[in-house]
Amino acid sequence: MADALLNPLSLTLSVQTSEAFAAPAMSLADRASRALESGVWGAVMYIVIGLVAVLTAVSVLGLVMSYIERKVAGHFQCRLGPMRVGPHGVLQSLADGIKLLFKEGIEPGDGDKVIFIGAPIFSITATILLLAIVPLAPGIQVVDMNVGVVYIAAVSGLGVMGILMGGWSSNNKWSLLGAMRAGAQMISYEVSLTIALLVVVLFSGTLKVSEIIESQQQGWWIWRGHGVAIVAFCLYVIASTAELNRTPFDLPEGESELTGGYHTEYSGLRFSFFFLAEFANLFVFSALAVTFFFGGWLPFHVGNYEGFNAVMDLLPPVISPMFWFGSKCALLIFVLMWFRWTFPRLRMDQLMRLEWKVLLPIGFVNLIVAATIVLTGLYFFPSAT
Amino acid sequence: MTVEVSSLKELVEQASGDDRSPDTQEYFVNMGPQHPSTHGVLRLVLKLDGERVLRCIPVLGYIHRSIEKISEHMNYMNCVHLTDRMDYLSSIMNNWAVSKAVEEAAGIEVNSRIQTIRTIFAELERIQSHQLWWGVLGMDLGAFTPFLYGIRDREVLNDVMEETVGARLTMNYVLPGGLMADIHPNFVHRVKEFIKYFRPKLDEYDDLLTNNVIIQERLRNVGILSAQTAVQYGATGPVLRGSGVAFDLRKDHPYGVYDQADFEVPVGTIGDSWDRYWVRVEEMRQSLNIVEQLLDNIPPGDFLVKKLNSKIKIPEGRYYSQLETARGVLGVFIASDKKDEPYRLHYRSPNFNNLWCLEPMIKGDYIASLIGAMSSLDLVIPDIDR
Amino acid sequence: MDYLFVFLFVVLGIAMVLGGIFASYLLAPRNPTKVKQSPYECGEETIGSSSINFNVAYYLFAILFLVFDVEAAFLFPWAVVLRELGLIGLIEVVMFVLVLVVGLAYAWKKGVLEWES
Amino acid sequence: MEREALQAAVCELDSAVSPLDANADRAAVVVEASALPAIVRRLRDEPRFAFAQLLDHVAVDWIDRGQFELIYQLYSFKHKHFLSVSVFVPREDPRVPTLCRVHPVAEWQEREVYDLFGVLYDDHPDLRRLFLEDDWVGFPLRKDYQDDFMLDRPR
Amino acid sequence: MATTTPDPTETDCPPMDFGDLKSECVAPRPSIMGQKRSLRSILWLSFKGILRGLLTTLSYFRRPSTVVTQQYPENRETLEMFERYRGRLSLIHNEEGEHGCTACQICERLCPNASIIITKDKKNEATGKPALDQFIWRQDTCTFCNICVLVCPFDTLEMTGDFESSVYDRRLLVFNLNEYAGPTAGQLDKLEDEELAKAQMKPMKKYQGPVPMCGGEMDGIPKLDVEKSTDV
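Protein chains in written order, with our numbering: chain S, 1 to 385; chain V, 1 to 386; chain F, 1 to 117; chain G, 1 to 155; chain B, 1 to 232.
Treat the hints with care, as some may be off.
Derived DSS-like pairs: lysine-lysine, alpha-carbon spacing no greater than 25 Å straight-line [to be verified]:
| id | chain 1 | residue 1 | chain 2 | residue 2 |
| --- | --- | --- | --- | --- |
| 1 | S | K113 | S | K103 |
| 2 | V | K338 | V | K306 |
| 3 | F | K34 | S | K113 |
| 4 | B | K48 | S | K357 |
| 5 | V | K338 | G | K143 |
| 6 | F | K36 | S | K113 |
| 7 | B | K36 | B | K48 |
| 8 | B | K129 | B | K190 |
| 9 | B | K205 | B | K120 |
| 10 | B | K205 | B | K223 |
| 11 | V | K339 | G | K143 |
| 12 | V | K201 | B | K48 |
| 13 | B | K129 | B | K198 |
| 14 | B | K122 | B | K205 |
| 15 | S | K357 | B | K36 |
| 16 | F | K34 | S | K103 |
| 17 | F | K109 | B | K36 |
| 18 | S | K99 | F | K36 |
| 19 | V | K201 | S | K71 |
| 20 | V | K311 | G | K143 |
| 21 | V | K251 | G | K78 |
| 22 | V | K69 | G | K143 |
| 23 | B | K122 | B | K190 |
| 24 | V | K251 | G | K80 |
| 25 | V | K307 | V | K339 |
| 26 | B | K122 | B | K202 |
| 27 | F | K36 | S | K103 |
| 28 | B | K206 | B | K123 |
| 29 | S | K357 | F | K109 |
| 30 | G | K143 | V | K313 |
| 31 | F | K110 | S | K357 |
| 32 | B | K206 | B | K122 |
| 33 | B | K129 | B | K205 |
| 34 | B | K190 | B | K120 |
| 35 | V | K363 | V | K47 |
| 36 | B | K122 | B | K198 |
| 37 | V | K311 | V | K338 |
| 38 | V | K69 | V | K338 |
To be clear, the hints were calculated from the coordinates, so they are not data collected in a lab.
So here's chain S without its partners, still in its complex pose (with noise of 0.2 Å):
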């Protein structure tokens, strides 16, 4: 009762879900290393089936991405976008993909070969690392490790070497300028999204991912976390902006300061890398947003109204979690296009003191209340002892 006082929004959320979602759900990895019980070829194929899924994931996504971001920028600007390749453009972004793959790549001379080709391929794994744990839908997840949080905070710290190395390499001013813009800034946020998910980790007390969406069978964690989870989520967006290197954070693109930023020097398939893994990083946020805050695959019911959920449910169980998954992600992705494409960029000392004066602080004193709530149960919890 007092969860209710407290939360109106957590009593709108019913109990209610179908029994599709309560089977246990297995990973790739897991299946495969069941596999490898009988077999060794059972296992292979997982880990090819993994592997060709996750390549094509990154490619497609970073095409898709590609072309929605500017189809969505278009319609924001009053333009069409692109409209010429394809019907309304649809095969836009494939087709400056081939022109990106017969253009000269060309190395800066004086710069570090090593490293300039290095880069990208940090930027590129990062993405391949994250796209891995995302759950599309139950037992549609490459690995599900227990502590798979960790992993999400260690891995996406990983971007930033890609980005450091390359500006450093470039033996360019301007990159090197963006470069450790972008070292500064993507760190700084690291902290902030880390503590935003440690808000959901406390909720859910798991740091498996599967776990965590299971968690919110009774109500996704934005409703019920009693506005502390609202403050984590506004702090993960905003923290995974400037992860991304997306307007009001693109300082280290800067494009009109810093002319490219940390790019300034890489053409051809070489840029296109940098490109597919933002883009691809895009969708890998947001979706893990939608994985922490708006219980992932689950659909959305609301309490006490049989006959909506009953609609809610209608699609079969095969494609209802990758419909709802897919279509949660999609209203993140735009509302971060919205953002990029409504607002002008921060200046870095305002976006430093942004992170550690007015972000940190916020976030540790949400974490606190966060812990005090899960202590005195003052929230609507199904298992709640």
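Since chain S is already given, all that's left is putting chains V, F, G and B on it; use the hints.
Showing chains V, F, G and B alone in chain S's frame:
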């Protein structure tokens, strides 16, 4: 007393050569000529410490077309079309400046219809120049969408002007002794429609940029230019008015039919980029007012008082005339030797003089602030180089 | 098995980039010239060397980050088992965080966060 | 102050100042080169003149007279009047003291004139080419300037 | 020896007096964080400003009618330029294909950048008056200042709205504007012998030498075959 002529290379090598101290954190970097926010081919050689700008040396001449030299071999009517290519965002005002100088020198009286039409066009041109500036300022500060909104509204205005003039950028509409063509029959109606269209859009501009806290914090207390410094460094136009000096030739030395219009000169308070921003936004509103007042009573008359292929000769002497373009005072100096060609024609370009305020206002601040401050100066590079 | 996948993904990332570079090596023209390889400095020759001493302001933030990230790493296990630890766990972490916040406040007061050179 | 009155008042300042009547539309005076900075400084500081801004600096190459005329356009915000100050220097040895210390904007306006006319400004802190390259030969706005790229306009 | 730029303080300028240059309109200078406001109102105003910006862009996003992009090659049929648009110079020819140019060369003389070159037949054998041979217009150097149209005493020039003039070889931007070399329409009408009049109209091509650059040979640049060029 000696005169030493140095070169840029010497200037820069002092601090960037191999023999500099290994502890120094200072370095030089070229900003421009091919930089997204120098809007053309301005080159700034920056001396930086980290992100702080210690010195900012403008290097000019990348788009110098020697308009003054070419004009010495042209008759006065032909000189006019070259001025389109100086400050291309106030081309009609440039045309008018030359025409005004020639008319004053040669004693040509133009009727009030010509003056009214010129005034209306100058104000429309001022609006479209500020529209583009507004969008570009947003783009410089990282918001791309305002740029396209600014361009979109400017396009509407450009259409209105194109219907009468026949060109969109290099208009060449005002000639010594009149106008190139009478206004189009649709003109008055379409300008009224534009005013009706644009007033709500100005509020939208406020929603998008003016009231956005990020923009305010990017511009406020950045690039502060005191009134005294602004005057001493030759600033005019919105830059000077942003610093609080209410100097506007339209008010203080009226020309055209500005004395018939009722308008106010917006001025800033402390002279930071935010003041200059706000002065320009306010100027758009004032210009709309001026146009609205003049539009309904354009007096009848000829649009050209002097035959076009007659030679205009100016008595021997030196003549100076100036008017207020969207960026400041454009002065035209004519030295005549009684021929139909100017002996010497010189333009005092507002941007050339405004540019020098950049270093005093930005010294010791960040690169990002430099971008904002430069944007608030609203430089048009071809006008600096001429 | 999870970590085998992680390892394989690292390999995949490297292979993807190198493969792409190899593909463009086969397909794209290669015609490096001195001008093309010179660093882009807005169309002018670079002034001096690009390997420069750089302002320390950036590094201070890196050091601050280290402290806070390590702290976050400690908080993960705590967050999972908070319910078993009970009030003691909360108090302990509050003290732990407080120590760091005091550090942050000190840095704040010292002007480290002011982004000054 | 009317144009004539202003002109007379300025001329009373110093014996180095004399009126110039060839200017059609504003008060104009001729100043001897050596006295220029002092005169302009007094014009700036004395409240009855208060010429706060150096609007413009123009040079004219009067090749027939063998002189450069350097014209400084001054403006007073207080009294809203203009003044044009001319200095005549010989073409062979064009030297004039700089006005940088009085009006900072003169630094660049004088650089422009140096660039295009080759007038040397004594004591100028940074006399460099402004528009043209540092190794450009000749001064293009002089009437006798010739180079290979100049086109003859068919008439 | 280069020193730093003079500081305004260095010029020992006393405080300036700007007299009565007072404006009635001091800009209101709206600012959220600048004025002394409570934290709450700062937060509220920032939030409001940001939200209104977002709503503005969203309002355009959901209204496809606000899209202003012209789909250019597709809308060629419906695209109309303003009648005064200065796209291309043309010599007016009447229905019988006769022009009115007397080759008086005023436009050539007054063209600021020598984009018009007129060659003429000093004394036409039939009319005994000067007749136009070639009216050459160099679009590559033209600045579309419209002076030639204005000064023409016979109103025989006009600017048309044809704006699609891009070519791959700039030598193709040099045109012959007259369709035939010969006397004006008025002079031809006076000739009673129609055969003779016809004979005076020697047909001219759009590109015809010798014209500077057009089709001519230059060092290192191959001769342009106007007939075979894909641009024509």
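Structure-based check of all given hints:
At most 25 Å may separate the alpha-carbon atoms for a hinted pair to count; K113(S) and K103(S) meet this at roughly 18 Å. Pair hint K338(V) plus K306(V) holds up; C-alpha atoms about 19 Å apart against a cutoff of 25 Å. A C-alpha spacing of about 16 Å is found between K34(F) and K113(S), which places the hinted pair at or below 25 Å, so the restraint holds. As the CA atoms of K48(B) and K357(S) are separated by approximately 22 Å, the hinted pair is consistent with the 25 Å bound.
The hinted pair formed by K338(V) and K143(G) meets the criterion: a straight-line CA distance of about 17 Å does not exceed 25 Å. As the CA atoms of K36(F) and K113(S) are separated by approximately 15 Å, the hinted pair is consistent with the 25 Å bound. Of the pairs offered as hints, the one joining K36(B) and K48(B) holds, with about 18 Å between alpha carbons and a cut-off of 25 Å not exceeded. At most 25 Å may separate the alpha-carbon atoms for a hinted pair to count; K129(B) and K190(B) meet this at roughly 12 Å.
For a cut-off of 25 Å, the pair hint linking K205(B) to K120(B) stands: about 16 Å separates their Cα positions. Proximity of K205(B) to K223(B) is assessed by CA-CA distance (about 18 Å); at most 25 Å being required, the pair is judged to hold. The hinted pair formed by K339(V) and K143(G) meets the criterion: a straight-line CA distance of about 16 Å does not exceed 25 Å. Of the pairs offered as hints, the one joining K201(V) and K48(B) holds, with about 18 Å between alpha carbons and a cut-off of 25 Å not exceeded.
Taking the CA atoms of K129(B) and K198(B), the gap is about 17 Å. The hint holds against a cut of 25 Å. Distance check on the hinted pair: K122(B) and K205(B) sit about 21 Å apart at the alpha-carbon level, within 25 Å; holds. This hinted pair checks out: K357(S) and K36(B) have alpha carbons roughly 20 Å apart, not beyond 25 Å. With a C-alpha separation of about 18 Å, the suggested pair K34(F) and K103(S) falls inside the 25 Å cut-off, and the hint holds.
For the proposed pair K109(F) and K36(B), the alpha carbon gap of about 23 Å is at most 25 Å, so the pair holds. Taking the CA atoms of K99(S) and K36(F), the gap is about 19 Å. The hint holds against a cut of 25 Å. As the CA atoms of K201(V) and K71(S) are separated by approximately 24 Å, the hinted pair is consistent with the 25 Å bound. Between the alpha carbons of K311(V) and K143(G) the distance comes to roughly 23 Å, so the proposed pair stays at or under 25 Å and holds.
Distance restraint check for K251(V) and K78(G): the Cα-Cα separation of roughly 14 Å lies within the 25 Å cut-off, and the hinted pair is therefore satisfied. Under the criterion of a C-alpha separation no larger than 25 Å, the hint pairing K69(V) with K143(G) is consistent with the structure, at around 9 Å. This hinted pair checks out: K122(B) and K190(B) have alpha carbons roughly 19 Å apart, not beyond 25 Å. Our distance criterion of 25 Å between C-alpha atoms is met by K251(V) and K80(G), whose separation comes to about 11 Å.
With a C-alpha separation of about 18 Å, the suggested pairing of K307(V) with K339(V) holds against the 25 Å cut-off. Proximity of K122(B) to K202(B) is assessed by CA-CA distance (about 16 Å); at most 25 Å being required, the pair is judged to hold. Pair hint K36(F) plus K103(S) holds up; C-alpha atoms about 13 Å apart against a cutoff of 25 Å. For the proposed pair K206(B) and K123(B), the alpha carbon gap of about 24 Å is at most 25 Å, so the pair holds.
Note on K357(S) and K109(F): the hinted pairing holds, with a Cα-Cα distance of about 11 Å set against a maximum of 25 Å. Restraint check for K143(G) and K313(V): the C-alpha separation of about 20 Å stays at or below 25 Å, so the hint holds. Among the hinted pairs, K110(F) with K357(S) is consistent with the structure: their alpha-carbon atoms are about 13 Å apart, no more than 25 Å. At roughly 22 Å between alpha-carbon atoms, K206(B) and K122(B) fall within 25 Å of each other, so this suggested pair holds.
For the hint pairing K129(B) with K205(B), the CA-to-CA distance comes to about 23 Å; that is within 25 Å, so the pair holds. Taking the CA atoms of K190(B) and K120(B), the gap is near 20 Å; set against the 25 Å cutoff, the hint holds. For the given pair, K363(V) sits about 10 Å from K47(V) by alpha-carbon distance, which is consistent with the 25 Å threshold. Restraint check: the Cα-Cα separation between K122(B) and K198(B) comes to about 19 Å, which is no more than 25 Å; the hinted pair holds.
Proximity of K311(V) to K338(V) is assessed by CA-CA distance (about 11 Å); at most 25 Å being required, the pair is judged to hold. Our distance criterion of 25 Å between C-alpha atoms is met by K69(V) and K338(V), whose separation comes to about 18 Å.
Checked against the numbered hints above, the structure violates none of them.
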